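Got chain C; can you put chain H on it based on the hints?
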Amino acid sequence: MSQYRLLLISLLSAALVGCASNIPDPEPTDTGMSDSGGASTDEYGGSSGADGETIDSDLNAELTMILYFDFDQSDLRPEYGDILAAHARKLSNNSRVKIRLEGHADERGSREYNIGLGERRSQAVRRMLLIQGATSNQISTVSFGEERPAAMGSDEESWQLNRRVEIIYLN
Amino acid sequence: MQETFKRWSLACLLILCASHSYAELQIEITQGAGRRAPVAVVPFGWEGGDPAAPMAIADVIGADLSRSGRFAPIPSDDMLQMPTTGVEVDFDDWSILGVEAVVVGRVTQTGENAYSVQFQLFDVFKREQLVGYRMPASRGTMRRVAHRAADMIFEKLTGIQGVFATQIAYVTAQQNASSRIYTLVVSDSDGENENTIMESTDPIMSPAWSPDSRRLAYVSFEGDRSTIFVQTLRTGNRIKVSDRQGINGAPAFSPDGRKLVLTLGGADGNLDIYVMDIATKAIQRLTTNRSIDTEGTWAPDGKTIFFTSDRSGGPQVYRVSTSGGTPERVTFEGSYNARPRLSPDGSKLALVHLDRGNYRIAVLNLENENFLVLSVGRQDESPSFAPNSDTLIYATRAGRNGVLETVSADGLIRQRMGSGQADVREPVWSPFPRL
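Chain order of the listed sequences is C and H. For the first sequence, position 126 (counting from the first letter as 1) is numbered 126 according to the numbering used here, and the numbering increases by one without interruption. For the second sequence, position 163 (counting from the first letter as 1) is numbered 163 according to the numbering used here, and the numbering increases by one without interruption.
Chain C extracted, bound-state conformation (with noise of 0.2 Å):
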């Protein structure tokens, strides 16, 4: 757990200095492949994590920080109802927390419209997490479209690890 919130924090910082040296987005091999497909709900659980460490389910659930899509769709899987209710506690609990969601397409199709992809995913999840009790203030929203890819193929597996929002820990 504190490896993640060390890694998000490093991020954070590298990008207010404005350092030269691009971090790159994190790999989804730390969560995210075990998260794309139905695999996520292996996490639920408990104890299985791939730390080897025992982690109660709460917790469990927040390390999900990246959400996957269907081409074309912003819709939320079904799957995803504990990970964002466990985010959406975390912002309603604590006025003071914020995040960022960026949203993301594969690179198929124009940019700008992929743009227009990304955020509209981003809204989906911004959405579902305002109804849960956050507050707008709280969750500010940003697309890359294309231009920040994951994963680099042009297969269906990259595209699939291309379709996400990435929910960013501001503090």
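Simulated from the structure, these hints should not be mistaken for laboratory data. Small disclaimer: the values here were computed from a predicted structure and weren't measured. One or more hints might be untrue.
Claimed, not checked - Calculated from the model, a selection of chain H residues having no Cβ within reach of chain C, i.e. all distances over 10 Å: (1) G45; (2) K126; (3) R134; (4) P211; (5) Q231; (6) D256; (7) R285; (8) R329.
Claimed, not checked - Reference listing, derived: stretches of chain C covered by chain H, where coverage requires no fewer than 3 residues with Cβ under 8 Å from a Cβ of chain H: (9) 103–110; (10) 120–130; (11) 144–150.
Every residue gets a Cβ at the ideal spot worked out from N, C-alpha and C, and that includes glycine.
This is chain H only, laid out in the frame that chain C set:
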């Protein structure tokens, strides 16, 4: 395969253009017109203190004519004579070789960094001069002068205005050991004389030329948000024209250069088309639909804006009056039509079209509604017309890398430009230079 292509095209470039350095963007002809007319561009004469002229002008002209896909310049080794002025031309010597047109010329030094470049173009069959011209040049402007000569020659021979003396802007992305570097680059239309306009570790998107070629608008993601800048090329100064909450994207200049059409998303992320007066920053909203409305572009009359909207379920191209009103749908072929760009003469619309599972460039003729798919790749995007409305440039993929391709509006002549190391994308062709 990629290595061989690179070496081959580099060799061609070196043979054709002996006097300048390795270019980042390399050109290869990938497909020509049915027949290329044989022409001769005779090495120019030289009068000056130095052993040779600063540049082999005939090589630049020959390369331009060859690149157009319509001409086949003959090697100077095959030439039976080397005239530098019209009176020296012996038409029999050229008829024998089957050459249809001859270009002769000379460069004369007139000062420390001052030269006079003159050329004459002859029709071999009719045995008459078609055009003759003389232009001043410095060492720094000589290549541009050679391109202007090529433009005049091209227009005389084809009736089409040449675009050799124009520029392109494009974005590159390169993965270094630890980071990704994005650059916004302006180069000559043949890929030479690259100038980095802006460099960033965050993505750069959607460059757009001002009508006077002096400025570029673009979207930058510095600071992990989208911001629209307008940068003056000569000085490098830039102004921030839109950094509103949410999406700021897809800028494009109006024909009079005073306005930008752009996309704003706001806090609720509903992308819509807006028009901004650049001087006052006042904005006017043109669309209000809940759909994604983006990628606005102006018609040459300045009264209509074309844009992408998925209000019918998937992306299609619409047009709306700049004074507001209900947008009218323009594309009806297939399920995906996006990123419209009008030809400068207003007659054709280039767009990204989903063709049997492949994203390709298509051109819709607005006058006769003819629809032609022009490209053959799988992920083709970002079409832009040359200012003569006859050629387009767009982004495609060659293996893992993004490369640029130009294609004639009839689809017959195609050429690729790529960089061995970087991903190249989002090309935009400049307007004709203001002289």
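**Request:** State the violated hints by number, sorted upward, taking the hints as numbered earlier in the document.
**Result:** none
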